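Peer 1: Assemble chains G, H and V onto chain Z, guided by the hints.
Protein chains: 4
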Amino acid sequence: MKNGCPSADYSIHAMTETLLTIDCPDRVGLLARLTQFIATRGGNLREVHQFTEETSGWFFARMAIETKTLSVTIPKLREEFSALGSELKADWNIADHAQPKRTVLMVSQSGHCLADLLWRWRSGDLPMEIVAVVANHETFRSVVEREGLRFIHVPIAKETRAADFEKVGTLLRNLRAELVVLARYMQIIPESLCTEFTGRIINIHHSFLPSFIGANPYKRAFERGVKLIGATCHYVTPVLDEGPIIEQEVVRVEHFHNPDDLLRLGQDCERLALARGLRYHLADRVLIHGNKTVVFRD
Amino acid sequence: MKNGCPSADYSIHAMTETLLTIDCPDRVGLLARLTQFIATRGGNLREVHQFTEETSGWFFARMAIETKTLSVTIPKLREEFSALGSELKADWNIADHAQPKRTVLMVSQSGHCLADLLWRWRSGDLPMEIVAVVANHETFRSVVEREGLRFIHVPIAKETRAADFEKVGTLLRNLRAELVVLARYMQIIPESLCTEFTGRIINIHHSFLPSFIGANPYKRAFERGVKLIGATCHYVTPVLDEGPIIEQEVVRVEHFHNPDDLLRLGQDCERLALARGLRYHLADRVLIHGNKTVVFRD
Amino acid sequence: MKNGCPSADYSIHAMTETLLTIDCPDRVGLLARLTQFIATRGGNLREVHQFTEETSGWFFARMAIETKTLSVTIPKLREEFSALGSELKADWNIADHAQPKRTVLMVSQSGHCLADLLWRWRSGDLPMEIVAVVANHETFRSVVEREGLRFIHVPIAKETRAADFEKVGTLLRNLRAELVVLARYMQIIPESLCTEFTGRIINIHHSFLPSFIGANPYKRAFERGVKLIGATCHYVTPVLDEGPIIEQEVVRVEHFHNPDDLLRLGQDCERLALARGLRYHLADRVLIHGNKTVVFRD
Amino acid sequence: MKNGCPSADYSIHAMTETLLTIDCPDRVGLLARLTQFIATRGGNLREVHQFTEETSGWFFARMAIETKTLSVTIPKLREEFSALGSELKADWNIADHAQPKRTVLMVSQSGHCLADLLWRWRSGDLPMEIVAVVANHETFRSVVEREGLRFIHVPIAKETRAADFEKVGTLLRNLRAELVVLARYMQIIPESLCTEFTGRIINIHHSFLPSFIGANPYKRAFERGVKLIGATCHYVTPVLDEGPIIEQEVVRVEHFHNPDDLLRLGQDCERLALARGLRYHLADRVLIHGNKTVVFRD
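Chains as they are written, first to last, in this note's numbering: chain Z, 1 to 298; chain G, 1 to 298; chain H, 1 to 298; chain V, 1 to 298.
For the record, the hints were derived by calculation from the structure and aren't laboratory data.
A few of these clues could be false.
[Said to hold, decoys possible] Per the computed footprint, the stretches of chain G lying under chain V, defined by three or more beta-carbons under 8 Å from a beta-carbon of chain V, are: (1) 209 to 218; (2) 252 to 261; (3) 280 to 294.
This one's a predicted model, so the numbers in the text were calculated from it and none came from an experiment.
Positions of the beta carbon are idealized from the N, C-alpha and C atoms, including for glycine.
Next up, chain Z with everything else stripped away, as it sits in the complex (with noise of 0.2 Å):
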């Protein structure tokens, strides 16, 4: 227990279940293998969502599998898996919850969703290693530190805007990120990262995609009416504000709210957006396909 908080307890869970997810091609019989498969090992399933998408004939699966009944160990469980899955021509993984994932977190000068993610992660909400901290600006060096967590600060000047995110890539792959979560950090990522880390960066939008895609959204909301606002928690794709969304939140505003009021409202959206689709990508219940997800919900 660190400054009086209670620690993440979430490895004890964790170390009792295991998850299978995986999509491709839907056919005949496909759920049967799937779950013979588990049962002929000694799984259990706690919970099992399986859903076909109509038009594109996909099938998504994700189960929850009691590990302490299993006849082989997670690695094996993996090997035996992988013949399986390629004659299925799938996507799928067999997570280790008793491994939380590698997690960068990266920030600007506002430092609300920041603090949210470091309480919820302090109390064991958000099952992640925060390997560092990373920021263009020392505005949260301290809040960070504090927690006893690594704070790198890189500078983003747009002169060497190409050679500053170099540094960032080069840090990334040495902390071994496995997960990048851009906790509103306001500089727009490079091609090039955004593809190395593909369905691997989360950033939080703070506007109702696909509105108001791009800078000062809340000002734009404010010009144009909505009597509602929101935010958006997706991944990060190459082109702005447009990849697959995890998770949205909305808040009814009124005319008497004027812009600073609309940042303020929007700010508890953008929380509980993030911190949500964080926990469903962080407990493998999110499945990428083509631009959209399929997110089991817990």
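Peer 2: Chains G, H and V only, in chain Z's frame:
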């Protein structure tokens, strides 16, 4: 097509899909056996939700099976499944959505839920066969009859209540009602009828249960000064407003709303909660377990 | 009472209250002058909302005045107020709610909003006089006529569009329409009509504007993979879907919802957003300023 | 600036505005007299909400007065207003937002609300002066002290409860607390303290009151099988969980959520409802009348 409204088209979709719903004690390999059973008969699974409740160790599943590739008829499928069902000590059902449920609507003098249900039924959103509307007042005879539906007036008087409800019971039996919907019926159903039609009477209560059980919930909500009011769709049991909850809806209210405003705003909650709860039931998406429900929402 | 539905009772409440709405440049002592004006004529204020927008320095107010203690008639009150109104360079209105607005509903082939409006009007929730329902298809003639309302079919054809809409314009003038409600009319209103009826045409758009302006919003929402869909009630201006927004509503959707599901779920948003926006307008609770609205909700 | 967080900037806005809140029996011309009083002293009104409750005939108003044009000081304004206040038999207050309220936070062993309040206070969203955090456990000492705030541990034991709470009472008096916030304090406040601090103790209850009054609301919500859970921010009175409600928030839950999930999801409701309710109180936007509140939301 009647009265210029499009006729219900649910039969088309219903004929391409059947649903297996089941709940029983959990064991290793259970879902594998079920999916195997379907696969060996050529059935493809469009959507599967399975969930085991940790505290009770109870297994719940809902499987949507494409019928066009099935090698057996639905009645045959049922017959063959019954041995497995017995072995698993399961409550189970294989639905035949080509046969919409024979449904009786019951109303009193508030028509907002009735009007909403009639419209949704007419639009094809509620796949039921309305065999009659039974009312303790004449108020909505023409509203019902102009839809080409049967309206039956069974007055309920304080002194003759027991006998009046025997008439209602006889009527429901003669109509071979598979489902009874209390669309603001405003009468307490006798215990014997509740028991006879367990899990087949759906009520809409005009409060967010368990708040404001019983009479005059809006008035009491006003007096308590709550900031949200709501409505609850639930199965009727002998204990008033205590049956398994299917769906709830709320709306924000403010100090300037008087009891009439609460009633007006609450009616939108009632209509939505009832329509959604009823739709889930008609699609065999609700499993009752003890005093709770498992709802596989659509 | 017609068709077994309670008749509208709004006239009773309307006769006890009048509304002064006003917007103008702000100055010190403005509300004092207005309230003084009312008080010296014996008017009691039930509810006052006043609000000055900081950025524009514009003053907005809505005052509900009890009429029973007024020493002058409503027409006299108007006459006496006009000098003050001119001096303040104000847009103002003193409503006469004993005279519900002459309203024309316009529909095409989707009836969910029409059915909802008819029911709410019949219940007394929407204090308007429906002088006609104008449609470009015959679909809902009987639904309308059985309410004792006038149904007028004005077909709109691609080749004769301009002439067809001249007929519509003539019709609206002959009917002395004070308000036009596009209840899923699905036709773009010509600029000349938009201008002639500025602030008097209300539309329901089936998306959460400014997302998905134009055609097929549900299909596009499905393709984008948004997690919330919505509807927008707004005044019509010559620029498509860009008029002042009165009300918006959203509903959560998931990956398993197909375009038909979005349509079904979105219709509930459309009905609620239109009914609420229309109600605010009918109660003179909406002030238009530039391309935005001030809505004093009830 | 402390710990890398922006310091509170509320003082800037607060110094340009004062608030008159008042409630009293209604009479003709009341608002005219009040606005006249302000206008003759050069005060401009930014926002006025006035509302008369029909059933009780009680008048409520909140007036935001721009101070820069005022010809008198705030203390002088108060002095001059007191005669009018007496004449009207009014409860009234002219706030001095340059002086944030002296506030004591009280916590036990759940820190989610505390962490949230500290962050919002630090960001300037909650204009209060936190004079101390009082806790019956040591759990959050470092979380509090690292913010530069005073942490006071007052253990509460079953056997010495009365004496322990006398210590708390003495402490609150010595700290000259104007407001006490029970941020999941989990102890029942003795009647004498409730009475002494009437309207000045705010609690967050982890259920949607009046559902699940008392202990273990999430567990009871789970057992009842409700489909929405919530939180309630209210003033504390001697009757447990029965005080005037300021704000409520809800979130949808499903059958697959266990009691731990309800707790996790409910915490987001608690944080939002408490933060909003507290903000309204600090901005003098809440008027208590009997056991209800009038909340002029921002």
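Peer 1: Can you take a look at whether the stretch 252 to 261 of chain G is actually covered by chain V? Rule is 3+ residues, C-beta closer than 8 Å.
Peer 2: With 4 residues close enough to chain V, the hint holds.
Peer 1: Under a C-beta cut-off of less than 8 Å, do 3 or more residues of the stretch 280 to 294 of chain G approach chain V closely enough to confirm the stated coverage?
Peer 2: holds (count 4)
Peer 1: Is the listed coverage of the stretch 209 to 218 of chain G by chain V valid when you require three or more residues with a beta carbon under 8 Å from a beta carbon of that chain?
Peer 2: With 4 residues close enough to chain V, the hint holds.
Figure legend: structure checked against the earlier numbered hints; every hint is met.
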